[in-house]
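2 protein chains.
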Amino acid sequence: MKFSENIYINWLSKPRVVCGIMTGTSLDGIDTAIAEFFIDRAGRHHFNLLAYNTTDFPSEIKEFIIKIIYEKNSIADISGLNFLLSQIYATSVMDLCKSKNIKLSEIDAIGMHGQTVWHEPKGKDFSNYQTNSTLQLGSVSALANLLGITVVGDFRSADIAVGGSGAPLVPVFDYEFLRDETQDTICLNIGGIANITLLPAGCNYNEIIAIDTGPGNVLIDNFMQFFYNLDYDKNGETARKGKIIEKLSFELMSEPFIKAHPPKSTGRELFNKAYIFSLLYKLNLSNVTPENLIRTLTQFTVLSIAENIKQFGNPSSKIITSGGGCNNKYLMELLSSELPKSNIITTDALGIPSDAKEAICFAYLGWRTLGGMYSNIPSVTGAKRPAILGTIAFPE
Amino acid sequence: MKFSENIYINWLSKPRVVCGIMTGTSLDGIDTAIAEFFIDRAGRHHFNLLAYNTTDFPSEIKEFIIKIIYEKNSIADISGLNFLLSQIYATSVMDLCKSKNIKLSEIDAIGMHGQTVWHEPKGKDFSNYQTNSTLQLGSVSALANLLGITVVGDFRSADIAVGGSGAPLVPVFDYEFLRDETQDTICLNIGGIANITLLPAGCNYNEIIAIDTGPGNVLIDNFMQFFYNLDYDKNGETARKGKIIEKLSFELMSEPFIKAHPPKSTGRELFNKAYIFSLLYKLNLSNVTPENLIRTLTQFTVLSIAENIKQFGNPSSKIITSGGGCNNKYLMELLSSELPKSNIITTDALGIPSDAKEAICFAYLGWRTLGGMYSNIPSVTGAKRPAILGTIAFPE
Numbered sequence: 592m593k594f595s596e597n598i599y600i601n602w603l604s605k606p607r608v609v610c611g612i613m614t615g616t617s618l619d620g621i622d623t624a625i626a627e628f629f630i631d632r633a634g635r636h637h638f639n640l641l642a643y644n645t646t647d648f649p650s651e652i653k654e655f656i657i658k659i660i661y662e663k664n665s666i667a668d669i670s671g672l673n674f675l676l677s678q679i680y681a682t683s684v685m686d687l688c689k690s691k692n693i694k695l696s697e698i699d700a701i702g703m704h705g706q707t708v709w710h711e712p713k714g715k716d717f718s719n720y721q722t723n724s725t726l727q728l729g730s731v732s733a734l735a736n737l738l739g740i741t742v743v744g745d746f747r748s749a750d751i752a753v754g755g756s757g758a759p760l761v762p763v764f765d766y767e768f769l770r771d772e773t774q775d776t777i778c779l780n781i782g783g784i785a786n787i788t789l790l791p792a793g794c795n796y797n798e799i800i801a802i803d804t805g806p807g808n809v810l811i812d813n814f815m816q817f818f819y820n821l822d823y824d825k826n827g828e829t830a831r832k833g834k835i836i837e838k839l840s841f842e843l844m845s846e847p848f849i850k851a852h853p854p855k856s857t858g859r860e861l862f863n864k865a866y867i868f869s870l871l872y873k874l875n876l877s878n879v880t881p882e883n884l885i886r887t888l889t890q891f892t893v894l895s896i897a898e899n900i901k902q903f904g905n906p907s908s909k910i911i912t913s914g915g916g917c918n919n920k921y922l923m924e925l926l927s928s929e930l931p932k933s934n935i936i937t938t939d940a941l942g943i944p945s946d947a948k949e950a951i952c953f954a955y956l957g958w959r960t961l962g963g964m965y966s967n968i969p970s971v972t973g974a975k976r977p978a979i980l981g982t983i984a985f986p987e
Numbered sequence: 592m593k594f595s596e597n598i599y600i601n602w603l604s605k606p607r608v609v610c611g612i613m614t615g616t617s618l619d620g621i622d623t624a625i626a627e628f629f630i631d632r633a634g635r636h637h638f639n640l641l642a643y644n645t646t647d648f649p650s651e652i653k654e655f656i657i658k659i660i661y662e663k664n665s666i667a668d669i670s671g672l673n674f675l676l677s678q679i680y681a682t683s684v685m686d687l688c689k690s691k692n693i694k695l696s697e698i699d700a701i702g703m704h705g706q707t708v709w710h711e712p713k714g715k716d717f718s719n720y721q722t723n724s725t726l727q728l729g730s731v732s733a734l735a736n737l738l739g740i741t742v743v744g745d746f747r748s749a750d751i752a753v754g755g756s757g758a759p760l761v762p763v764f765d766y767e768f769l770r771d772e773t774q775d776t777i778c779l780n781i782g783g784i785a786n787i788t789l790l791p792a793g794c795n796y797n798e799i800i801a802i803d804t805g806p807g808n809v810l811i812d813n814f815m816q817f818f819y820n821l822d823y824d825k826n827g828e829t830a831r832k833g834k835i836i837e838k839l840s841f842e843l844m845s846e847p848f849i850k851a852h853p854p855k856s857t858g859r860e861l862f863n864k865a866y867i868f869s870l871l872y873k874l875n876l877s878n879v880t881p882e883n884l885i886r887t888l889t890q891f892t893v894l895s896i897a898e899n900i901k902q903f904g905n906p907s908s909k910i911i912t913s914g915g916g917c918n919n920k921y922l923m924e925l926l927s928s929e930l931p932k933s934n935i936i937t938t939d940a941l942g943i944p945s946d947a948k949e950a951i952c953f954a955y956l957g958w959r960t961l962g963g964m965y966s967n968i969p970s971v972t973g974a975k976r977p978a979i980l981g982t983i984a985f986p987e
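Residue numbers (this note's numbering), protein chains in the order written: chain H, 592 to 987; chain C, 592 to 987.
Calculated directly from the structure, the hints in this document are not laboratory data.
A few of these clues could be false.
Because identical chains share one entry, a pair is satisfied inside a single copy or across any pair of copies.
As the list claims (entries may be wrong) - With a Cα cut of at most 25 Å, we get these calculated DSS-like pairs of lysine-lysine:
#1 LYS653 <-> LYS713
#2 LYS653 <-> LYS838
#3 LYS715 <-> LYS663
#4 LYS658 <-> LYS825
#5 LYS901 <-> LYS715
#6 LYS653 <-> LYS663
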């Protein structure tokens with residue numbers, strides 16, 4: 592029996608309220624969003640955002656997660672964190688519902704991303720088997736039974752099982768809700784890493800390109816922390832005071848990743864403090880000022896985004912931005928001047944708060960799974976075939 | 592929406608072929624069974640066993656699992672093993688199908704127990720949260736997508752989330768298939784640890800008692816390994832040659848666990864080599880012969896089972912045995928003489944090969960979950976309420 596057909600008919604027969612929960616690798620908070628999804632008579636998908644918020648991880652939990660990722664741990668700790676995260680997610684959902692006067696019983700399902708603690712789509716071989724894997728902690732079954740709500744989670748494993756890289760998964764959301772039939776569109780998310788989804792006018796699934804472009808906020812944030820003990824460069828004010836360190840800027844743009852062809856993805860393994868320090872050492876730049884370095888890193892972030900857009904997309908596109916980087920005014924000004932023919936807007940202008948986009952996306956992925964729909968895009972992830980993503984726990 | 596109602600109607604409308612996969616903590620093999628389940632007009636459940644086998648873990652995998660359980664590990668290794676086990680399970684299913692000429696497409700679903708690497712229903716508190724948890728490795732989503740078959744797995748988490756101990760889960764199987772309306776019945780499984788399910792004549796769910804009685808084969812096997820480098824005492828021949836060490840036997844039966852009241856469960860944390868050596872030391876027994884020790888441990892296993900049956904059940908019951916201990920002829924003889932009024936048979940006599948029982952049980956639990964049925968018994972696990980166990984991944 593195809594379960595998808597069975598669930599599909601009932602699930603999609605009316606609007607469904609789905610809550611999305613996203614916690615990223617930056618551990619900068621728990622994003623929760625509740626939206627109502629439905630299909631119109633033409634078959635297009637729609638949603639109404641009902642509520643969203645971001646709460647901080649308790650600091651001990653944040654430290655616990657970091658320990659799990661970077662140190663060797665007993666299996667007891669990993670098993671414990673798996674259940675502990677479900678309780679934290681449950682609390683986030685209950686708090687959001689309470690603050691917006693939404694009853695838990697009004698929520699039809701939850702799409703839980705979980706906390707990524709490992710992601711290695713090309714693992715080494717072991718005993719004739721492959722260890723390609725991804726691991727998002729947060730027990731799907733525990734969350735479902737704690738809240739009495741159906742939960743869909745573990746979205747990335749299926750794509751890896753069919754040969755994909757398990758990421759990115761947001762492009763299906765961008766395609767459904769942000770594509771334009773008459774205008775080339777680029778969805779740019781500036782999180783820790785920056786990534787773009789290229790949606791040519793009237794494109795279909797197979798024409799989507801989605802790639803990481805290089806650093807998003809990661810380098811700026813790292814050095815704001817290092818020099819000023821601040822989490823980020825508010826409005827880009829520090830960068831605005833600085834001057835470009837030309838030698839470093841040139842070296843940064845020589846990084847092979849920037850001009851590499853799709854598919855490509857990167858992470859904090861490459862773009863981190865050590866990377867910058869090693870370049871400063873190599874270039875014999877010992878006395879850079881904080882402002883000048885932040886300015887140069889902001890420039891590099893902007894140039895690497897612009898370079899990828901020019902090389903692989905249409906620089907006259909509509910560019911729809913999201914992620915924390917949107918709040919960096921100076922960075923956005925620089926981006927505009929690098930892409931003068933583009934029309935840059937934020938998702939907020941389209942009714943999607945940029946802070947809530949990823950949480951809405953995982954609510955949508957949960958909705959799709961319960962509707963029996965594929966959500967990975969093989970041309971984007973490299974998977975051999977499309978797959979229904981996730982596992983489902985239903986408590987009643 | 593209640594998904595259970597939705598799936599329930601379709602799933603239970605006709606017989607379904609479900610494959611169960613069980614790998615226990617003893618790592619003595621991968622048990623796979625394929626059975627067809629259906630409901631008769633009176634509402635009772637039935638199954639026809641179609642195929643079963645047991646294959647060994649590749650030795651490197653066995654070592655890898657032991658390392659994960661007992662050492663500190665990188666999260667990369669845990670994530671890798673999670674996917675690797677899915678591949679091994681997929682191979683087991685394919686091999687069984689091939690050997691019995693069953694097509695993969697004939698299997699409607701898989702019930703995957705997964706490999707328990709941690710089980711701690713009463714975890715310590717951490718930052719205002721509880722760390723009660725259980726962890727079975729083997730990705731549900733990966734297995735579903737590797738085989739193209741719907742998979743149900745992670746059966747124990749839901750029960751823990753609703754306050755239970757996540758074990759035992761077999762009693763619902765014993766109740767459905769082995770209870771007798773007119774005769775008190777006891778299901779005795781002699782695995783590493785021995786456990787009993789007490790099913791009074793015509794009992795209902797709430798009257799079921801299921802407890803561990805103490806050691807099953809664990810002590811005998813441990814010392815057969817220690818003295819003879821053998822995995823077990825074949826037919827109990829070594830024990831048959833020995834004499835009881837009375838002082839040790841008395842001390843063993845003084846172990847408080849044996850006479851403790853339900854609910855109770857135990858494990859290799861208590862009954863292991865160190866436990867026996869410490870008693871020998873305490874009792875100043877330095878020169879015991881291997882035969883005499885194996886005889887005494889066999890006696891202890893039998894007496895602890897019999898004592899629990901006498902104390903909490905009806906010693907005139909029909910006793911239905913399963914597990915490796917059934918093959919120990921001498922142990923079974925001793926058990927008969929300790930319970931002279933009972934009628935001891937093996938599950939094999941009822942058409943359930945004792946080696947396949949647990950795998951059939953997890954196929955059955957998967958079938959129940961897809962039928963929207965609860966499978967934990969709160970009076971047995973201590974859960975606050977019954978729960979639909981597991982998470983489901985459907986690939987199509």
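Now for the hints, and whether the structure bears them out:
{"no.": "1", "hint": "LYS653 <-> LYS713", "verdict": "between (27 Å within a copy, 23 Å between copies)"}
{"no.": "2", "hint": "LYS653 <-> LYS838", "verdict": "neither (37 Å within a copy, 54 Å between copies)"}
{"no.": "3", "hint": "LYS715 <-> LYS663", "verdict": "both (19 Å within a copy, 20 Å between copies)"}
{"no.": "4", "hint": "LYS658 <-> LYS825", "verdict": "neither (29 Å within a copy, 47 Å between copies)"}
{"no.": "5", "hint": "LYS901 <-> LYS715", "verdict": "neither (35 Å within a copy, 54 Å between copies)"}
{"no.": "6", "hint": "LYS653 <-> LYS663", "verdict": "both (16 Å within a copy, 20 Å between copies)"}
In the structure shown, a violation is registered for the earlier hints numbered 2, 4, 5, in ascending order.
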